[in-house]
Amino acid sequence: MNLNELYTELILEHSQSGHNRKHLDHANCSERGHNPSCGDDITLELICDEEGTIKDASFTGSGCAISQASTSIMIDLIKGKSKEEAEKLADIFISMIKKEITDDEELEVLEDAIVFKNISNMPPRVKCAVLSWHTLKEALKNKEKS
Amino acid sequence: MNLNELYTELILEHSQSGHNRKHLDHANCSERGHNPSCGDDITLELICDEEGTIKDASFTGSGCAISQASTSIMIDLIKGKSKEEAEKLADIFISMIKKEITDDEELEVLEDAIVFKNISNMPPRVKCAVLSWHTLKEALKNKEKS
Amino acid sequence: MKGFNVEEIRKDFPTLMQKVNGKPLVYLDNAATTHKPISVLNAMQDYYEKFNANPNRGAHFLGVSATELYENARERVRQFINAKSAREIIFTRNATESLNLIAYSYGMKFIDEGDEIVVLISEHHSNIVPWQKIAHMKKAILKYIYLNHEYRLDMEEVQTKITDRTKIVSLAQMSNVLGTIFPVKEIAEYAHSKGAIAIVDGAQSVPHMKVDVQDLNTDFLVFSGHKMLGPMGIGVLYGKKELLEKMPPFLMGGDMIEYVEEQTTTFAELPRKFEAGTPNVEGAVGLKAAIDYIEEIGFENINEQEMELTAYALERLREMPHVKIYGPIDLKDRGGVITFSLEGCHPHDVSTIVDTCGVALRAGHHCAQPLMKYLKAPATSRISFYFYNTKEEVDIFIDSLKRVRKWLGYES
Amino acid sequence: MKGFNVEEIRKDFPTLMQKVNGKPLVYLDNAATTHKPISVLNAMQDYYEKFNANPNRGAHFLGVSATELYENARERVRQFINAKSAREIIFTRNATESLNLIAYSYGMKFIDEGDEIVVLISEHHSNIVPWQKIAHMKKAILKYIYLNHEYRLDMEEVQTKITDRTKIVSLAQMSNVLGTIFPVKEIAEYAHSKGAIAIVDGAQSVPHMKVDVQDLNTDFLVFSGHKMLGPMGIGVLYGKKELLEKMPPFLMGGDMIEYVEEQTTTFAELPRKFEAGTPNVEGAVGLKAAIDYIEEIGFENINEQEMELTAYALERLREMPHVKIYGPIDLKDRGGVITFSLEGCHPHDVSTIVDTCGVALRAGHHCAQPLMKYLKAPATSRISFYFYNTKEEVDIFIDSLKRVRKWLGYES
Ligand SMILES: Cc1ncc(COP(=O)(O)O)c(C=O)c1O
Ligand SMILES: Cc1ncc(COP(=O)(O)O)c(C=O)c1O
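Residue numbers (this note's numbering), protein chains in the order written: chain A, 655 to 800; chain B, 655 to 800; chain C, -12 to 399; chain D, -12 to 399.
Accuracy of the hints is not assured; some may be wrong.
As the list claims (entries may be wrong) - When the alpha-carbon atoms are kept at most 27 Å apart in a straight line, the in silico BS3-like pairs for lysine-lysine are as follows:
#1 C:K148 x B:K781
#2 C:K360 x B:K781
#3 D:K71 x D:K197
Claimed, not checked - Footprint (simulated), chain C over chain B, 3 or more residues, beta carbon under 8 Å:
#4 684 to 693
#5 718 to 727
#6 737 to 748
Source of the hints: derived by calculation from the structure; they are not laboratory data.
Note that beta-carbon positions come from the ideal geometry of N, C-alpha and C, so glycine has one too.
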């Protein structure tokens, strides 16, 4: 993987633009995710309605370009989806990173997030890319319980 | 150093004959010496008279041929000597082993004990050869104090 | 023995090709440490020349490679002992440190006043002294299981010593003095039935036989790399995840933390929680290469070769007058370690004399003083085989041993 | 610089001759670990091929040789740091283990409720977390000395923090983040005047400058072999004999005992009392070869080369907009470690981008989270030199760093 594939325009746009980086006043679900070894630390906030649809989502925190972009791209993707759909997408994303799913057609549902497909060739950055997706899964799991 | 030099007739005689290996009923000085790592363990007993002459000496305990012979040869040497002389001999013996004294004339006073001169070429056996001499020094030192 | 050719194998071991005192080296001290095949030395050299870095930390190429090599080695160890998860494999310095880790961490947390810790009388000091300390600090009781006259365990004795108050049963799978292989699976099961945990010291077994932690159902297993063709300075602690997770960390420092504040710290997940400071990647890489070598030879071949040598050596030793053997005579459940004494000859004299014939054996208490005292044997000699030893070496050893009493002035 | 030719020297280091991502490797992560000269690799290989054995134990040829090599290495370390006696040199696994040994042994015995342990805010986790544990267990107080705005110590702050209740003052001679060299001699003296002992963490200083324990009059000194050209898995604890003698043993097992009975044990004399289990002879042999290499280069040359590189790198970094340096700018009492941040760029992105240019640097908290928090710098990048680095490498690094902000989408 070379730098052109890693720091694509899409990734830079998302890591620098702040459109999903904010505090949601009426969030009814929030989850912190962090990588102690590299210092990435995000808090994901969700507003889910009664039917279980993710009406809004945002994040705060700090981290590298990869973790920030991955978070922002994920938020764009899951907004308006049901909790089940969101969870499914997170699973597909994680499987893509683990190279368990490689078929582009199957990955199509990830939309822009497919840009991280080759990050597994850069082992130290894998954690950065998957952080928000794991955090999303935790958030939905905890929401379930409460 | 080859085995001929190590297991000389003199050494074998001393290690096998029991002439100094006994318990002294009227010992007024006794000292234990041991090498935990190889298991040599001897107790030296002395009878010193008022003038400080070593009237009799013996040892008990167990150990390898070298430690046993060295002990027995030492006892033969120090019997009848004054405490000061005995201590001096122990120092000369130890210096010989450390190769600090190499001149045969200087070593002559050690009599038979000179047979251990080359033991320093066999590092694992050095401890066996010097055990009794260190024990003697300890014994005399403690006798002094009491 | 499929594809097993000891002469070919010996060519992989430069140390074995040496002369000592003008004679070919006959190395029979494998229970102390083993020699290293070229493949292990090359793996370490290669690591230093191409990948050397501090793992877990750097995002740079070398750091990534070192992390990968280190974690691959962990996975290789997992496979080798069939642990469920690589997170259950902690790299330590040696078996001794592994046992200390369990004692300081598990022992200090879970042992209370009046609890019992049970070991065998034949244990290595490394599996005794740490427990003495815990017993002393916690006012617990350290109990010994004694052996029968065949140097083996009676289950009755086991059942007398392991009671409802027993919290820890710790024993070597194979004795480094007697060569006895103990039924650790049965003992672990009995310990569990009494609510105790079982610790297996595999220092002498893991190099010589397939050890499957799930089959044994042991709670912990410890062993050292240097006794199984690997380098010095690397050892392993296997522990069941549930136990390791509830244990406090032992050594503290870099790499084993999550967040450090001025006054408090949260700890990393397994296995890093127990690996403080810069890890010994070289050691892990060497251990992996050693496991590769061992598995290529195959435990079946290893066992066959070692048992043939052991049978032969026992036979020849028993023919000799003045020789007393400490350990089982029958080959069932015993390994290639033979401890003996030669009447009237101190083991250090034995060592010195056979050494001049190139034969390296071990003299002394073999780090098992309580056993020596129990056997009333102040010091003994020991030979111990690995698969690279030969029958000719046994002959050379026996010939050299035959000369000992003459050298020491006996008639015969 | 007398006889110092960096290009010639680099030929001794196979790792440095490599290409990474198609570019020559520019290794600037020497504070994490250093590369090994061929002489060190050869010394270890030679040891395994000719002398490998368990030291202290065997009376056979290999055992004697291994013991000799191991003890020669100890004596070499003694000379190197000018200890009074080789018995004051304990071989450990790394600096982290050495610090834990002091904490568990000295700390557990001599620290009582209300006592104070004082460290610098810039300490490595290895010199913080063990003390947190002791403080917690003993209800003692862990206090931090803060730094001034030049990243240095004010003696007033030192004198405020070290009080009559202070029992231990422990600090790194050189910070692995800031590069600051602290006046450990003065601090040890002040600690002594208050009845406290002084521990010097030499992990970053011993590889780069002459450290004389008698001159510093420190009670303990710790360091790691792998940061000074030696192998991984070997470290050193120096302690004053009077202190080591009154400390209880730490790890228990083979080699550190005198007599083991079923219920009690007497311990060996120094240094073996603190070295449980089979020692890492390979590591000791490698460390000795590393010291030989370092002394052949000479600390004067090492210092001159490192300071030239540091001055040049600081100058070039300061020319760059968006760069902030954490650490003293003037060269007095500072070493070749430079920590910095690049505005708007996360250090992991920095690492990844410069890595594609072959440059290996370190990103993160550098095992000093309390310092990072104190400096309000969540994560930074770090370069660190050893004498084998060159000015050309600094240029390559600066060029690669200049590309980072563009890659991350900034205009300049
Ligand atoms: C100042 C300092 N102390 C201690 C350590 C710990 O060294 P090691 O990981 O080799 O134990 C390091 C290095 O990481 C260090 O820089
Ligand atoms: C049965 C047994 N346990 C433990 C040990 C200790 O191993 P190490 O010295 O490698 O820690 C040994 C070897 O000396 C051993 O034989």
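Taking the hints in turn, this is what the structure says about them:
Proposed proximity of K148 of chain C and K781 of chain B is contradicted: the alpha carbons are some 41 Å apart, above 27 Å. At most 27 Å may separate the alpha-carbon atoms for a hinted pair to count; K360 of chain C and K781 of chain B meet this at roughly 23 Å. A threshold of 27 Å between alpha carbons decides the hint, and for K71 of chain D with K197 of chain D the separation of about 16 Å falls inside it, so the pair holds. Only when three residues or more bring their CB closer than 8 Å to a CB of chain C does the claim for the region 684 to 693 of chain B stand; here the count is 3, and the claim holds.
Check result for the region 718 to 727 of chain B against chain C: holds, 3 residues qualifying (beta carbon to beta carbon below 8 Å, three or more required). Here the region 737 to 748 of chain B counts 0 residues with a CB under 8 Å from a CB of chain C, which misses the bar of 3, and the coverage is violated.
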